[in-house]
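Protein chains: 4
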Amino acid sequence: MLKVAICGGSGYTGGELIRLLSNHPSVKITAVTSEKSSGKTVSDLFPHLSNHSNLTYEPLDREKLLKKADIFFLALPHAASQSAVDFFFRHGKKVIDLSADYRLRSPETYEEWYKTPHKFRGTLKKAVYGLPELHRAKIAKSSLIANPGCYPTGAILGLYPAIKTRLIDAESIIIDSTSGTTGAGRNADAAFSFCEVNEGFKAYSVASHRHTPEIEQELSAIAHKDLKVNFTPHLGSYDRGILTTIYAKLKKKADTRAVLDAYKKVFAKEPFIRALAEGKFPNVKNVRGTNLCDIGLAVNKRTNTLIIVTAIDNLMKGASGQAVHNMNIMMGFKETEGLKNIALFP
Amino acid sequence: MLKVAICGGSGYTGGELIRLLSNHPSVKITAVTSEKSSGKTVSDLFPHLSNHSNLTYEPLDREKLLKKADIFFLALPHAASQSAVDFFFRHGKKVIDLSADYRLRSPETYEEWYKTPHKFRGTLKKAVYGLPELHRAKIAKSSLIANPGCYPTGAILGLYPAIKTRLIDAESIIIDSTSGTTGAGRNADAAFSFCEVNEGFKAYSVASHRHTPEIEQELSAIAHKDLKVNFTPHLGSYDRGILTTIYAKLKKKADTRAVLDAYKKVFAKEPFIRALAEGKFPNVKNVRGTNLCDIGLAVNKRTNTLIIVTAIDNLMKGASGQAVHNMNIMMGFKETEGLKNIALFP
Amino acid sequence: MLKVAICGGSGYTGGELIRLLSNHPSVKITAVTSEKSSGKTVSDLFPHLSNHSNLTYEPLDREKLLKKADIFFLALPHAASQSAVDFFFRHGKKVIDLSADYRLRSPETYEEWYKTPHKFRGTLKKAVYGLPELHRAKIAKSSLIANPGCYPTGAILGLYPAIKTRLIDAESIIIDSTSGTTGAGRNADAAFSFCEVNEGFKAYSVASHRHTPEIEQELSAIAHKDLKVNFTPHLGSYDRGILTTIYAKLKKKADTRAVLDAYKKVFAKEPFIRALAEGKFPNVKNVRGTNLCDIGLAVNKRTNTLIIVTAIDNLMKGASGQAVHNMNIMMGFKETEGLKNIALFP
Amino acid sequence: MLKVAICGGSGYTGGELIRLLSNHPSVKITAVTSEKSSGKTVSDLFPHLSNHSNLTYEPLDREKLLKKADIFFLALPHAASQSAVDFFFRHGKKVIDLSADYRLRSPETYEEWYKTPHKFRGTLKKAVYGLPELHRAKIAKSSLIANPGCYPTGAILGLYPAIKTRLIDAESIIIDSTSGTTGAGRNADAAFSFCEVNEGFKAYSVASHRHTPEIEQELSAIAHKDLKVNFTPHLGSYDRGILTTIYAKLKKKADTRAVLDAYKKVFAKEPFIRALAEGKFPNVKNVRGTNLCDIGLAVNKRTNTLIIVTAIDNLMKGASGQAVHNMNIMMGFKETEGLKNIALFP
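Residue numbers (my numbering), protein chains in the order written: chain A, 77 to 422; chain B, 77 to 422; chain C, 77 to 422; chain D, 77 to 422.
Worth double-checking, as some hints may not be accurate.
No copy labels: a pair is met if it fits in one copy or bridges any two.
[As the list claims (entries may be wrong)] Capping the alpha-carbon separation at 27 Å, the derived lysine-lysine pairs in DSSO-like fashion look like this:
{"#": "1", "residue 1": "LYS116", "residue 2": "LYS416"}
{"#": "2", "residue 1": "LYS301", "residue 2": "LYS143"}
{"#": "3", "residue 1": "LYS325", "residue 2": "LYS214"}
{"#": "4", "residue 1": "LYS356", "residue 2": "LYS112"}
{"#": "5", "residue 1": "LYS356", "residue 2": "LYS304"}
If you're looking for bench data, these hints aren't it; they were derived computationally from the structure. Since the model is a prediction, treat every value here as computed from it, not as a measurement.
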C-alpha cells in the first residue's frame, strides 16, 4: 500500500482527495494536515466521511511528515505551496501540487500574475504540468506534478484537438466559463455566503483572472506560437462544475460532423473524455462527482466560427480527481483506479 | 383610466403584466385571456396576486375584447400572435406584442428562423421595435409595438454605445448569455423540471437561437451595415435574470475609463440604465424585479478586446417591464410610472 | 416628512428598511449607521439601492443622531441594542427595536436565554411587543416598540385564533419551522456559505432556540396561563421566507371549514393576513418581498389534531416590514403605506 | 452473475438502480423496460450513465422478460405494479417492488388510501416489508419484497428504538418531514417545474399523505398496539434527501445521552445507520448519494418531549439503495455490496 499524505486537507479539494483515496485499493492515507483545524478529526470537518477516515489533522511539520508518506498531495494556498513542494521533492518524495505554484514554467509570468516571486526556480524546472491527455508520458516519469487549474483544464481540453489539427485561427480564441461556487473554496467570506450567491449570476475577474497565463502557456505550446486569449469566468449559483464555452474562427470551411470526428480521433483512448454526439452539448450535472470531461461542439456556418463547450467537475477533473489520475500514472496503477464513480444525477 | 387587456395572461410574463399594471395609477386591467385556464381566476393561477386582481380568464374572443379595452398586451406564443395583433391594430387599438411575430422587419428572415410565413406584411411594416433607448420617438408615435426579446434587449443595450461611437469592429462580436429558467415559460415540460435544471448548467440552441436575427437586425441598423454575430444562450439554475457577456475587438486603443465615459454619455438621460463604475460588474441579483439594465465593462489591453457585461431581469426589462415602459411612452405617461419597484435583494 | 434614522443599517434587515422607507411617501431617511462600514455608502453595500439612497454610513454617535431624526429603527445585535434603545427613548424619540432586547417582559427570562442581564428594566416596562394583530391599540400609544422575532411572528399568528377561541389544548403545541438563509444575517461565516447551505436541509438549535420564550410569552398571554411549547427551526436552502407548521390537539371535534371560518373572522380586518381557502396551503414563494402572512389549516380527524401552516417573508413581516407597519400605526399613517409591494413570483 | 431486470427504468429510481447495479460485482442488468421510452437507450435518458450501460428500453413484455432475468426490480407506478409483481412471483422469480402495492398488509387499508382494490391478496400475504433494520431475517427468506416508501423509511428508523424500548408514549407521535424534489419523480408537471419549486417551501398532502398508513403499520407492530400518527410532508427546493423531525412525549424522565445510548445499542451492527454524537444533528447533504440513515436526537426537558431527526437520501435509502440492500440480503451477498459510495459533499 502506497502511503499518502494530504497537506491542506480541510478544504473542498482536501475533502475530495480523502473521499477518492479512501476508496482506492492501492493507497492508504497516513496523514492530513491543517493549521487551523489541527487536533480536529476528518469527521469533525466532513461528517460525510465519518465512516471512512478517523485521521486527526496535524500541523504541517515537514520533517515529521517525511517519515509518514511516500507521496504528497498539496492543497495549500498559492505561494504557501512553493517551499513545501520543494522540500518534499528534494527529499525524494513524489509530489502532486494542487496550487498554482508550479504550473507556470516562466517564473517571471508567475510573479507578474501572482504578485510574489518564485523562489525555487530549480525545482520549478522539474515540474510537469499534470494534464494527462497532453502530457501522459512526462507525467509517468516525473516526481513533481503541477496539477492544472480548474478553468484551464476545461479550456485546454476543449481547444487541444482544434489547435493541434490546425482547424482554427488560434489568435481568435475567446473562452467564457462558469464555475460552481465550490471553486471559491471553503472559507468564511461574506461574498460567498448563500444569500449573496443564490439566485445571482455575475462575471468576475474580467480580463484579469490568474488562470489566463496558464491557459495561454499550454495553448501556445500546442500551437507552437505565442497566444493570448480572452478568458472570462462567471460565478454560478450551484455547487460543482465548470462549463466552458469557447469561440474560435475556423481557418477553412468545415462542418460540425467533421470537427467532431477529429475530436473523437484525438481522444479515442482517453478514459475520462466523452466527445458527445452531434447536436448534444454538455451539462455540468452529467459529470458531477466524476473525473470526466464532456465535450460538445458546433460549427456556426453563418460566422465561420467553431463553438466548443466542455463540462467538468471543478473539484474532480478540475482538481482532486485529476490529481489522483496523475498519481495513478506516476505509480503505474490502472488509470481509472479510484475514479470509477458514476455521476450523481440528479 | 386606460382600459387594458392582456391576451395570454396565464404565463410568467402575463403574471408580471398583472403585477405591474395593478400598481399603475393610470390604467385598469379589464380582461385577461387564456384558452387553457378559461374560467379560472387570476388568484387560482397566481396566489401572490390574490389581493390585487379578481379577474377571471376568458377565451380570446376578439370581437368581445374589442369593446373591453383601449390597449392590448399580447403574450401569446410565436405565430399565434400574428393574426390577433393584426386584428386589434386594424380596429384602431394600441397593441404591444410580446411575441417575436412583429420584431423582424424582413418577413423572409422571420420565415427562415420561425419556420412559418408571415401573413400580415402590411401590418408588419407599421410595427416599431420597442426598445425605448433606441427608438423612443418612433414608439411615442406608434400604435403597434413589437416588444423586444429578452436576450436581444441585454445584448443590444450592451453594444449600442460601442457601435454607435465606432469603438469596435462590429464584425467581431461574440455574445454569450445566461438566462434564468423563467425564460422557458410556465409549462409542463420535463426538461425544465426542478431536478433537471437545479445544480445544472448548460449551453443550448448553440449557433441556432432565434434571437440571433433580432440582435443582428438592430446592431446592423446602428452600424449601417449588415452584421452577423455569434450568440450562445445558457440555462442558469435560478429564476430571473439574463447576464450577457459580450466580446468585440477594439478598432483603436482605448482604456476602460474612456469607454465607460462614452457609455455614460450615451445613456445619460435613460431612467432604466445604470452604467456602473470602473471595476464594477453587474449581477442579475441587483436588478431582480426591476426594469433596470446594469452595464459594466473593461478593456482587455492584452488582447485589445472590449468586454461588456449587462444584466436585466428577463421578465421585466426583457419582457413585461419593457412593455409597460412602451405603453407609458405611447400614452404620454411618465416613463417610470408603474416601474418604480426596487430590486428584491437578496 | 418624518425624519428616520436606521441604526445598524448594513445587514439584510437594514437593507430592507432602506428599500421600504425609500418608497414611503411620509418619511425621509436622514441617517444610517454602521461601525464596520462607516464611510461607505448605501450603494457600496447594496448596489440594488443605488438609485434610491446616497447616504453614507456613520458610526452610531448617539448625541449626533438625536438631532437628526424623530424616529429610530434599531437593527443592532442582541444585547448591543439595550442601551441605545434606552438612550433614544429617554430623550423623547420614538424607537422601534428589531433586536430581541425589549421583547421579553421578564428580565429574568431574558437573562436565562440571552446569557446577559437586562440593564434597563425601567425602560423595558415601557416597551410594547409590536405584533399589530395582537397589540394594535397599545402600539398606537407607545413610543417604544419591540419588533417581534421572525419565527414568533409566524407561530403566534398561526395560533392566535385557535387559542383565543379555545379550540385547542394549548399545552399540546408543537411548532416546526423552516427559515430561508437570510435569517442568518449578512456575515462572513463558513457555516452559511453557499456550498454548505445549498442542497442541504437540517434542524438546528433543537430544543434550545431563543425564540422559544418569546413565543411562549405571547401564547401564554392569549391563553391566560403559562404555556411551554416545542419549537424546532430548520435551515432551508432558499433566500427568504419562514414556513411554520403547527400541531395542536383539538379540545372538541371540529371540521376544517369551521376552524377556517373562525380564523377568517378573527383576521377579517387585517390588511396583511390572508386566510386561504379550504384545501389551500401557503408557500413562502407567494409572500416573498411582502408584509403578508398567509395561513392555511386542516383538521386531522384521525388524530383529532389541528394542523396550521403559516408563511411569512422573514425580512418583511418577520422584521423590517412589520417594523414599518408599527411605525405607520404609531404615527397615524395609513397602515399599508410603504408596504404595498406585490410578491415577486417566481 | 445474477441476471437483473428493471421494470420501469426511465425514472429517477430506475436511473439510480442502473447506477448502483452497474457497479455491483455480482449482478448484470439484462433488461430495462419503459413503455414511453421504448427503443431509446439508457444513455439517451441518462447521459451520465453513457459509459456504463448500452441497454435499450423495451416494453414490459412479461413472458419475454421471464427468460431474461432471475430477479426483478419493479419501479412502476402504484396500482400498475400489482399484477406484474404477482406474475413474476408466481413464476418463481425473486421480486423487489418499489411501488406501494405490496407494502400494506391489509388490502382494505390499501384500497382506502390508494382508491383501487388489491387484486392479488394471496401474493400480498407473501410480501415482506423490506426494511432490513426491522425485518432482516424475513427478507433473507423471502422472494417478494415490498420496498419501503421514502418517508416511512426515515420515520420508522427514527422511532424504532424509542418505541421498542418503551421510552415514548407512542400515541403522541408527530412526524414532520421535508423531501427534496426528486421525490416527485421525473415527469412533465408544471407544479414541479424549476421556477415553481425553486425558492419555495410548502407543506402538501396535509393530514392525507398515503405514506401515513405505512408508517402506522410498522410502528403499530413495534408497539404491539394500533397507532395513529400525524405526518406532514413538505417540499424542499433541493434535489435529494428527506429530513424527518419527530416529536413524542417521553413516558418517563430521560436525558439525551441515555436515549442516544439506547439508539446506538439498537443499531450497533447496522451498516447503514449512523447515530450521531450528542449535540449533532443530521443534514441531508451528508448522506447524499448513499444508503445511510443519519440520526440525531435531543430530549426537551422543558416539555418532556423527545425530538428525533433523521436524514436519508430519498432515492437511495428511501428507494433504490434500500432495494439493492434487500437484494443483497435475499441473495446472501455482502450487505454493503454495490452500496459503498461515499456521499458527494458539497
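To see whether the hints hold, each was checked on the structure:
1. Proximity of LYS116 and LYS416 under a CA criterion of 27 Å is satisfied inter-copy only: 25 Å between copies versus 30 Å inside one chain copy.
2. Taking the shortest alpha-carbon separations for LYS301 and LYS143, neither the intra-copy value of 44 Å nor the inter-copy value of 62 Å comes in at or below 27 Å.
3. With identical chains, the CA atoms of LYS325 and LYS214 are never at most 27 Å apart, being 31 Å at best within one copy and 38 Å at best between copies.
4. Taking the closest pair of Cα atoms, LYS356 and LYS112 come within 27 Å of each other only across two copies (21 Å); inside a single copy the shortest separation is 45 Å, beyond that limit.
5. When the C-alpha separation of LYS356 and LYS304 is checked against a cutoff of 27 Å, the pair qualifies only between copies, where the shortest distance is 24 Å, while the shortest distance within a copy is 29 Å.
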